[in-house]
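> Sequence order for the protein chains is A and B.
Mapped onto UniProt numbering, the consecutive letters of the first sequence carry residue numbers 1 to 211.
Mapped onto UniProt numbering, the consecutive letters of the second sequence carry residue numbers 1 to 211.
Some hints here could point you the wrong way.
One copy or two, either will do: identical chains are not told apart, so a pair holds if it fits within one copy or between any two.
Claimed, not checked - Calculated cross-link-like contacts (lysine-lysine; reagent style BS3-like; alpha-carbon spacing at most 25 Å):
| hint | residue 1 | residue 2 |
| --- | --- | --- |
| 1 | 39 | 166 |
| 2 | 39 | 134 |
| 3 | 79 | 192 |
| 4 | 196 | 71 |
| 5 | 166 | 209 |
| 6 | 39 | 156 |
Calculated directly from the structure, the hints in this document are not laboratory data.
Number of protein chains: 2
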Amino acid sequence: MQQDKIILAIVDDHPMVIEGLKSLLKSETAIYTSVSFTKGREFISFLSQNEVNLVFLDISLPDANGIELCKEIKKISPKTIVLGLSNQTERSMMLQMLQSGASGYLLKNVSPDELLTCIQEALHGLITFSREAKEIMGRPSKAGLNEVASVTKREKQILQLLAQGKTTAAIATELFLSPLTVDTHRKNLLQKFEVKNTAELLMAAVHQKLL
Amino acid sequence: MQQDKIILAIVDDHPMVIEGLKSLLKSETAIYTSVSFTKGREFISFLSQNEVNLVFLDISLPDANGIELCKEIKKISPKTIVLGLSNQTERSMMLQMLQSGASGYLLKNVSPDELLTCIQEALHGLITFSREAKEIMGRPSKAGLNEVASVTKREKQILQLLAQGKTTAAIATELFLSPLTVDTHRKNLLQKFEVKNTAELLMAAVHQKLL
DNA sequence: TTAAAAATACCTAACTATAGGTATAAAAAA
DNA sequence: TTTTTTATACCTATAGTTAGGTATTTTTAA
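The task is simple: from the sequences and hints, build the whole structure.
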């Protein structure tokens with residue numbers, strides 16, 4: 001193995017992705033040399049006996065959890081730079097990767113230029129993201145930050161009954177309440193979620209995983 | 001262009017996937033020649049002026065709906081064989097593709113061998129799937145069986161606007177329709193889903209992954 | 001090229017929800 | 001123990017939805 005070259009590893013269960021990455025790296029073959037793995041475990045055992053400068057880690061492997069794998073990699077070889085690689089556009093997933101020691105995150109729609117830039121940045125000790133990942137990280141995400149409208153026990157109950165298509169009157173009967181009270185709760189829910197009607201309210205509740 | 005070669009097109013917004021596929025096809029470069037597109041529209045305009053034997057179509061493109069694109073392709077050039085290509089493991093999605101004229105479906109974790117086999121099968125007029133896609137198609141799936149209320153294009157559109165809390169009047173304005181027409185669509189939706197009101201309707205739609 | 005499905009539009013009347021309030025008792029927190 | 005939040009209940013109007021229909025045109029599929 002040529003000691004002067006930078007060693008990149010690719011861990012992904014999709015041969016197509018592996019080939020794609022390698023192909024995108026072909027122009028820089030003088031600088032980088034690459035190895036690839038379709039199983040997390042295979043990479044781990046390779047890593048314990050070989051040096052790897054940077055690894056592209058697919059976070060959704062069939063045989064292992066990306067987050068755990070990332071932690072393991074950093075434990076075995078803290079010098080190895082990990083870049084998350086996935087189609088998952090969930091901000092929370094990206095954050096979890098970073099928390100587990102990753103130096104960046106690439107979405108699989110990364111362009112060839114971006115890819116090379118990201119590798120450079122990462123190797124220089126910088127945090128790096130592909131364009132779209134940057135955008136996602138940029139928005140603090142309504143679901144994540146802005147404090148899930150806190151719903152009281154009663155309100156949650158009413159939400160559930162609304163989701164079953166029940167009317168104010170039906171809900172009142174079911175909960176032994178005055179219809180007027182149910183109405184008040186509904187009004188409060190609409191205000192809390194800043195929505196105009198029940199339809200929008202339920203969708204908001206779904207997005208906040210309350211239903 | 002060499003008339004004797006089989007022309008394969010790749011439509012995918014991920015350059016990495018395009019490169020990966022091309023790379024996997026490299027061994028058969030004597031038989032196949034390939035062109036690639038990152039936008040659905042680009043491929044459509046190419047197709048209207050060139051012959052294409054087979055196209056790998058990513059069903060989740062940012063600029064177009066895979067199902068619609070597939071239909072359009074078969075309309076312009078019925079001889080062109082369409083193979084769905086995606087990470088989506090939803091049986092219903094695969095069925096929709098087949099219904100729209102596709103001859104098969106490959107998941108992106110397809111192995112090099114499978115890929116070549118699938119291309120051969122497809123070119124010989126057979127329906128074909130990658131290994132995992134086959135497995136998914138094999139299980140009739142609980143969600144799939146219990147009759148997913150088939151929703152028309154217009155109805156889906158209206159569902160989406162309802163989910164945004166829009167009223168009949170607002171929807172009518174937005175879609176340049178009579179409010180009475182929107183009302184009819186809403187009534188049909190309520191019937192199809194066998195629900196009492198919009199709240200229940202939206203929840204049903206969510207559970208069927210229409211929203 | 002038919003037949004079926006989808007999209008369009010209309011009517012009436014009853015029902016339900018929403019917007020604007022106010023107010024008080026009971027739990028929970030501070 | 002006081003303050004805040006939650007849960008309860010009410011009033012007046014207006015806005016919007018739903019239940020019963022019928023019917024024509026335009027697309028799509030057989």
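> Now tell me, hint by hint, if it's right for this structure.
Here is how each hint holds up against the structure:
Taking the shortest alpha-carbon separations for residue 39 and residue 166, neither the intra-copy value of 32 Å nor the inter-copy value of 45 Å comes in at or below 25 Å. Taking the shortest Cα distances, residue 39 and residue 134 sit within 25 Å of each other only across copies (22 Å), while inside one copy they are farther apart (28 Å). When the C-alpha separation of residue 79 and residue 192 is checked against a cutoff of 25 Å, the pair qualifies neither within a copy, at 36 Å, nor between copies, at 55 Å. In the homo-oligomer, the alpha carbons of residue 196 and residue 71 never lie at most 25 Å apart, since the shortest distance is 34 Å inside one protomer and 37 Å across protomers.
Proximity of residue 166 and residue 209 under a CA criterion of 25 Å is satisfied in both settings, with 20 Å inside one chain copy and 22 Å between copies. Only within a single protomer do residue 39 and residue 156 lie at most 25 Å apart by alpha-carbon distance; the minimum there is 24 Å, versus 40 Å between protomers.
Hints 1, 3, 4, counting from the list given before, are not met by this structure.
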